[in-house]
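A.B. asks: Listed here are the chains, written in short residue letters.
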Amino acid sequence: MRAVVTADPILRARGVNKSYGALKVLHDVDIDVLPGEALGIVGPNGAGKTTLFGALAGSFPVTSGAISFNGIDLTGTRASDRCQLGIARTHQVPRPFLGMTVFENLLVAAQSGARLDAAAATGRAADVLRRTGLADAANRPAAALGLLDRKRLEVARALATGPKLILLDEIGGGLTESELIALVDLIQSLRSEGLTIVWIEHILHALMRVVTRLICMSEGRILAEGEPRDVMANAEVQRAYLGSSPE
Amino acid sequence: MSRAAIADKIMPMPKGDKLIVLAAGLLLLGLGALPFLAPALIVDKMIMLFILIIFAVMWNLLAGYAGLISVGQQAFVGLGGYAMVRMVDAGLPPFPAIFVAALVTGALAFVLSLFVLRMKAGEFAIATWVIAEVIRAIVSFDPIVQGETGTSVVALNAYAPEMRRMTIYLLALVSMAGAVWGTWALLKGRTGAEAQAIRDDEDAAASVGISTFRVKQRIYILASVGCALAGTLWLASSITFQPRTGFGIQWSIFMLFMVLVGGIGTFIGPILGALLFFALQEIFGDFGAWYLAGLGLVAILFALYLPRGIVGLWLDRGYNEPLSMRRRLKLPRG
Ligand SMILES: Nc1ncnc2c1ncn2[C@@H]1O[C@H](COP(=O)(O)OP(=O)(O)O)[C@@H](O)[C@H]1O
Ligand SMILES: [Mg+2]
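Chains as they are written, first to last, in this note's numbering: chain A, 3 to 249; chain B, 23 to 356.
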């Protein structure tokens, strides 16, 4: 069932290039993310998926290209401005604020990203903690969390900034089947509240339950794009996957 | 997202902390009365203690809470003193000059921040030290300073010694209390939380909407004004300004010692560290070079046996950090 596209994209990237020295990681990437959609991104390791997120979130300057959000040109804007505009990201390798508690990680995100006052930020942080299953860990130091809880914290902290668009980078890896179901439920409920989602994920069966559209990247380019089933059936996609790390 | 039926709250200050605050308030009142009762020697020593506490609290704010490891805060100690010399020379009465000079130094810290805060940690530390040396050299060229000979704020001699001592004491007491309380308020607010996030991971901090440069700049300028104020108070009590002492690296060494020995990144630690440092200075200060070796020895002993500093005495026994900055969420029914 394909959604009829009428709305303007919430995020639009045109001709995005990113090089590290001689290594070209993104080649002329064009992407449109539609408001309220759940877009999946797959591709072998090293395809440039995480780098694409960095480019969209403003984590580093791109070599060339234009990115706009809700019609606002993001060229030259910093990561913090983009977050305040409504773009939140998680990090594939979690980067918690280790000297703070789990709750404080969320509190500062709500205060800075969403510009909430202390009382409202406290309420937001507590709500997000409950939704992401971190409530019991609220007052533990972030440094005491294991990898899975740190990944949860990444999602929770991004949500606390009150985003319109959230970029999720491999948050499903290492979860048990029941944890994956809870994660899929969470993402679906976020989407039903109007949040736009872009999700990079290797756990395909979880991803396929959520996304309405899929992009496959390989070697810094978009290889295929469209209906999830069609993309996965694409011969080039199959080759890109078989050519590298198998699932 | 719907709000919970019972509003979520941050836990109020623990009872023990409230007692500490109450005791500190009473102590401040007592200290206010001290110069009317104690001999001049004690009053002078207490001025030095207040100055040390300001230094410790400021360096902790900078390094412990914002991750800005500077070894060049003496730039602002010296600049504060120099600005005061200049202002008094231009006719400003010395007591207001203590504060005006510190604020003017803040303007210079703003300019410097545009350069140093773009650097990574290692470069930043070195740059702060180099800048302090460069400013010292420039200030030494000012004829009024007379090179390394230095100059005196002679206008201070116009006041009767008792009156002067008492005024400086009270100004130092108020400044110290203001620095401690101001740091507390700052750290309890959004800027404090943002600074700690930057300290832990600057890129991640930016990704949650923190304007990292602006927050670091705010902290850097505040800490610089604080150090400048300590510098002007010190000049007011010692009267003589020499570039070599005003801009001396020893200020940074003192700050590091007090903060590390007390407990970096804790609120109460550096204050306790300042008390310990003050006591060591009183006991061993007359032993010249041995005194510095002794300080080094104490620092090594702490690194080996109490790496978290004096505050580690609580933490290592499983007690909560006194006057902790941690915000704890009060979860409904446990
Ligand atoms: N900071 C960096 N410096 C140099 N090379 C990098 C950097 N970040 C990523 N790369 C390279 O860019 C390529 C794409 O990486 P990445 O975006 O992480 O891929 P993916 O997320 O699809 O696995 C890889 O070859 C990686 O080594
Ligand atoms: Mg990746």
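Quick caveat, the hints were computed from the structure, so don't treat them as lab data.
Be careful, since some hints might not be right.
Computed Cβ-Cβ distance ranges for the label pairs, DEER-style [said to hold, decoys possible]:
#1 B:Leu44 - A:Asp75: 50 to 56 Å
#2 B:Gly310 - A:Ala24: 30 to 36 Å
#3 B:Ala143 - A:Gln240: 30 to 36 Å
#4 A:Ala24 - B:Tyr327: 46 to 52 Å
#5 A:Asp83 - B:Val156: 33 to 39 Å
#6 A:Asp32 - B:Tyr341: 40 to 46 Å
#7 B:Ala45 - A:Ala122: 30 to 36 Å
From a predicted model like this one, the values you see are computed outputs, not experimental measurements.
Quick reminder that beta carbons are idealized off the backbone N, C-alpha and C, glycines included.
A.B. asks: Output the indices of the hints that this structure fails to meet, ascending.
C.D. replies: 2, 3, 6
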